[in-house]
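Asks: Sequence:
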Amino acid sequence: MKLGQNEFDVAVRAARMPKDMRVGSRTVSFYDVSGIPGVGLLPRALVVLLENCIRRAESDERARELVHAIVSAGLSGEQGDEIEFMPARVLFQDFTGVPVFVDFAAMRDAMVERGGDPRTVNPRIPCTLVVDHSVTADCAGRSDARRENEAREAERNAERFAFLKWASRSFGNVRIVPPGGGICHQLNIERFSEVVTTDALSERSMACFDTLVGTDSHTTTANGLGVLGWGVGGIEAEAASLGQPISLLVPAVVELRLTGALHDGVSGMDVALTVAKLLRDAQVVGNLVEVTGPGVSSLTPTQRACVANMTPEYGCTTTLFPVDENVLDYLRLTGRAHDQVDLVRAYFEAEGVFGAGGERRYARTLTLDLATVGTSLAGPSRPHNHVTPATLQDAVRHTAEAHGLGDFDETFEITMAGETHQLHRGTLAIAAITSCTTATDPAMMVAAGLLAKKAREHGLSAKPWVKRILAPGSHATELLLERTGLARHLFELGFYTCGFGCMSCIGNSGGIAVGLSERAGDMELTSILSGNRNFDGRISPDVAQNYLAAPALVVAYALVGTLDVDLSHTPVGRGAQGEEVMLDDLMPTNDEVSAALAGVLTTELFEEGARGLFEGSPAWRELKVAEGDTFSWDPASTYVRRAPYFEIARHEPMRGASGARTLAFLGDFVTTDHISPAGAISPTAPAADYLRAHGVAEGDFNTYGSRRGNHEVMTRGTFANVRLENALAGGVRGWWTEDLLTGEAATIFAAAEHYRERGVDAIVVAGRMYGSGSSRDWAAKGPLLLGVRAVIAESFERIHRSNLVQMGVLPLQFMDGDSTRSLGLTGRERYDIEEVDLTEGLPRHPVCQVTATAGDGKMTRFGCIVRVDTPTEGRFLAFGGILPYILERMTGACPA
Numbered sequence: 000m001k002l003g004q005n006e007f008d009v010a011v012r013a014a015r016m017p018k019d020m021r022v023g024s025r026t027v028s029f030y031d032v033s034g035i036p037g038v039g040l041l042p043r044a045l046v047v048l049l050e051n052c053i054r055r056a057e058s059d060e061r062a063r064e065l066v067h068a069i070v071s072a073g074l075s076g077e078q079g080d081e082i083e084f085m086p087a088r089v090l091f092q093d094f095t096g097v098p099v100f101v102d103f104a105a106m107r108d109a110m111v112e113r114g115g116d117p118r119t120v121n122p123r124i125p126c127t128l129v130v131d132h133s134v135t136a137d138c139a140g141r142s143d144a145r146r147e148n149e150a151r152e153a154e155r156n157a158e159r160f161a162f163l164k165w166a167s168r169s170f171g172n173v174r175i176v177p178p179g180g181g182i183c184h185q186l187n188i189e190r191f192s193e194v195v196t197t198d199a200l201s202e203r204s205m206a207c208f209d210t211l212v213g214t215d216s217h218t219t220t221a222n223g224l225g226v227l228g229w230g231v232g233g234i235e236a237e238a239a240s241l242g243q244p245i246s247l248l249v250p251a252v253v254e255l256r257l258t259g260a261l262h263d264g265v266s267g268m269d270v271a272l273t274v275a276k277l278l279r280d281a282q283v284v285g286n287l288v289e290v291t292g293p294g295v296s297s298l299t300p301t302q303r304a305c306v307a308n309m310t311p312e313y314g315c316t317t318t319l320f321p322v323d324e325n326v327l328d329y330l331r332l333t334g335r336a337h338d339q340v341d342l343v344r345a346y347f348e349a350e351g352v353f354g355a356g357g358e359r360r361y362a363r364t365l366t367l368d369l370a371t372v373g374t375s376l377a378g379p380s381r382p383h384n385h386v387t388p389a390t391l392q393d394a395v396r397h398t399a400e401a402h403g404l405g406d407f408d409e410t411f412e413i414t415m416a417g418e419t420h421q422l423h424r425g426t427l428a429i430a431a432i433t434s435c436t437t438a439t440d441p442a443m444m445v446a447a448g449l450l451a452k453k454a455r456e457h458g459l460s461a462k463p464w465v466k467r468i469l470a471p472g473s474h475a476t477e478l479l480l481e482r483t484g485l486a487r488h489l490f491e492l493g494f495y496t497c498g499f500g501c502m503s504c505i506g507n508s509g510g511i512a513v514g515l516s517e518r519a520g521d522m523e524l525t526s527i528l529s530g531n532r533n534f535d536g537r538i539s540p541d542v543a544q545n546y547l548a549a550p551a552l553v554v555a556y557a558l559v560g561t562l563d564v565d566l567s568h569t570p571v572g573r574g575a576q577g578e579e580v581m582l583d584d585l586m587p588t589n590d591e592v593s594a595a596l597a598g599v600l601t602t603e604l605f606e607e608g609a610r611g612l613f614e615g616s617p618a619w620r621e622l623k624v625a626e627g628d629t630f631s632w633d634p635a636s637t638y639v640r641r642a643p644y645f646e647i648a649r650h651e652p653m654r655g656a657s658g659a660r661t662l663a664f665l666g667d668f669v670t671t672d673h674i675s676p677a678g679a680i681s682p683t684a685p686a687a688d689y690l691r692a693h694g695v696a697e698g699d700f701n702t703y704g705s706r707r708g709n710h711e712v713m714t715r716g717t718f719a720n721v722r723l724e725n726a727l728a729g730g731v732r733g734w735w736t737e738d739l740l741t742g743e744a745a746t747i748f749a750a751a752e753h754y755r756e757r758g759v760d761a762i763v764v765a766g767r768m769y770g771s772g773s774s775r776d777w778a779a780k781g782p783l784l785l786g787v788r789a790v791i792a793e794s795f796e797r798i799h800r801s802n803l804v805q806m807g808v809l810p811l812q813f814m815d816g817d818s819t820r821s822l823g824l825t826g827r828e829r830y831d832i833e834e835v836d837l838t839e840g841l842p843r844h845p846v847c848q849v850t851a852t853a854g855d856g857k858m859t860r861f862g863c864i865v866r867v868d869t870p871t872e873g874r875f876l877a878f879g880g881i882l883p884y885i886l887e888r889m890t891g892a893c894p895a
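Take the sequence shown: its position 205, counted from the start at 1, is 204 in numbering that gives the first Met the number 0, and no numbers get skipped.
Read the hints as simulated data drawn from the structure, not as lab findings. Model, not experiment: these values are computed from the prediction. C-beta atoms are modelled at their ideal positions from N, C-alpha and C, and glycine is treated no differently. Since no wrong hints were added, every one of them can be taken at face value.
Distance condition first, Cα-Cα at most 20 Å in a straight line; then the derived SDA-like pairs of lysine to any residue:
#1 LYS18 - MET205
#2 LYS164 - TRP619
#3 LYS623 - ALA635
#4 LYS462 - THR410
#5 LYS462 - ILE413
#6 LYS453 - ASP263
#7 LYS164 - VAL624
#8 LYS623 - ALA161
#9 LYS164 - GLU154
#10 LYS18 - ALA345
#11 LYS462 - CYS138
#12 LYS164 - ASN121
#13 LYS18 - GLU348
#14 LYS18 - GLY39
#15 LYS18 - ARG55
#16 LYS18 - SER201
#17 LYS276 - ALA389
#18 LYS857 - GLY742
#19 LYS453 - ALA594
#20 LYS276 - LEU367
#21 LYS18 - THR197
Derived DEER-like restraints, expressed as beta-carbon distance ranges:
#22 GLU614 - ASP341: 29 to 39 Å
#23 ARG61 - GLY484: 55 to 65 Å
#24 GLY34 - GLY354: 16 to 26 Å
#25 THR390 - ALA157: 46 to 56 Å
#26 ARG757 - GLY373: 56 to 66 Å
#27 ASN589 - GLY730: 49 to 59 Å
#28 ARG61 - ALA625: 39 to 49 Å
#29 SER201 - GLN282: 34 to 44 Å
#30 PHE407 - GLY742: 35 to 45 Å
#31 ALA625 - ASP590: 54 to 64 Å
All chains should be modelled from the sequences, with the hints used to inform the complete structure.
Replies: Structure (structure tokens):
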């Protein structure tokens, strides 16, 4: 579409003039972008971004530039120029949220040191933090599991909880959901998402699209309600909350067109895993995905949320569903006010984006017939490794053979509670109905309860060696299971509520059966969970293979006790009368699920489930916290410490490197789970040495996530995943490397400290898709604190590359066709990286030269693409990171 310049300018100026809209008894103002030429053909996601730019641009001229960038890119279907996006709100979970507020507190200290007012460091847009990642399933399979786990959570995390309580009082625009309330994603769609909200930065009451960013990559769950949002690193979320726009290139938008409808018994998780495989194969990394087509209306909003939750697993930024009648019904069901629901409809209709229809242009179209979706699992270590009950056994055996453990006839005697069991490889150690992905969907949770009911009617029981975890995503979910009468059947199978929060998905599974743990290295243990992450070592360090599935399948495999089974032909077990009980005998039908939900799934259920959400337990309410604008740091704390980011930025902004040595020489698909500290702190890990030196008993080590506010622990835990394969470690997995100054084996942390003492720069070298997985800020913070100046990789995951820049670490990408293999690199060379000129924002030269000098003097020279993708990113890197940049802007030391 060719646009006349004058016509376009007039339309943009008109859109910049707020209009009034009557909704019921009230009048609201809004920016109407529907009249801008070309907007009617744009994907809905780009209309949301365009409205954001119209509303937030500082001038008509800047608005015209931003709108032109979006419209031209959208109509061409290609990636466009840089724009700035200011979300309406920010969502935090506590693992990633605690370090954010620790950084805010450190930023206030830095402001005081510069002679400024610490109160100017304050969130400018609404921030919600949900304490949902601290609870661990230490206790499971008992009626008192929740009480025990929450008591241990409160005891272990008293320091960090007190800090969060101080933050909620000291900072404005902050609300915190205390522990035990639910998981952030489910509460976001049940309670927080307004779909249409009010601009917190506007001087007048201005309606706008509800948009957000979150420090958990699964913030995309809200996409299921048509709310545009995605996961960002903690640093980027901090900046957004402080009023700093998020810089991005206008992304290409891929259409996922749904046709048909699901067959009976096929769940939202089955769709999500099918989509994960489809879109990973389609290579949608860095794109927005927008869902359209007649099949959309056949999916409930919570089924859509399940699919949208999995977005990071196939690498795109969003999986945005439309706002339609189903969404409006869900908003009413979950207790949104009627005038708010009316506003959603009126606003979306006024902007021309209500419903899934319309002729819009996309970069490309992918089609999925929902009738082709069947019962699905994913594993053993990637969410897009799609398998079925019929192919699961082959997947388990093939992976075990790759691990050098191919004999599935070997028997292992395991004694538990005085009883000896003869087990084999593939034994199931953990079966977890988790709060992320599937607990948002009432139908899937009820299906799990119905399967448990049928299993008990046949006289079936779960195998005793399987640790069974039930973690509802909100109190409404538990109420649902109770009111349908299905909770007791899950309890009878050992699926007692262990707490409300993220457990197995983040590695808070707790210990497994002692007999299994002792033989874990030989038994190729497995887990099954209804979550979204199954990366190596994530669920438990003792479990070799992890599979994702709907909650009903989690219960079914707990009855079998192994994943080395083909349940399409093999019975789940034998009933009380000796009859074979097949999986099909247990799986509930849609009619059975609907009958169970009838009369129970009500607005009152959600209102009751949310009662007292922000009040917290007696332990939370009794926490004593200090008052003041700056935090009183406790030098003895092993949970909360001030990190030296601002000092590093002042003295060591990234320019280049000379004689750098490689800390880690890595292969393809190294995830942020491999880089960022997560899960339980191993007694043999470098972080354990630090904690012992500070008087912490081994039983109180807690998890890395709980100690994210202590950079000393987290730095030692960086690159400390037990499954990490570093080519410099001589075949040993984990936190090991070679100290290239001595030629001796050393922990990565010890080698980094030695390099720092000797004034030697450090780098990381990797293969394809470095940093795939969660948007973890510590995957970038940790390398910075280890002294890493640059990461050289064949390609980067979108969020992680951005996080590296925001922390002041330079991402360099091998030229097409180059790799460590083609260049003959070993990682033992000395690396010289020429200085990168960022005086104009974008690198003056998009390619920089790197020279690798081997021990025998051989020099290998190659070019690398400087992956600083926008001028704003260049400014961040020039100042040593995004937070130092913002601080210097606040003090007037650098221009806006």
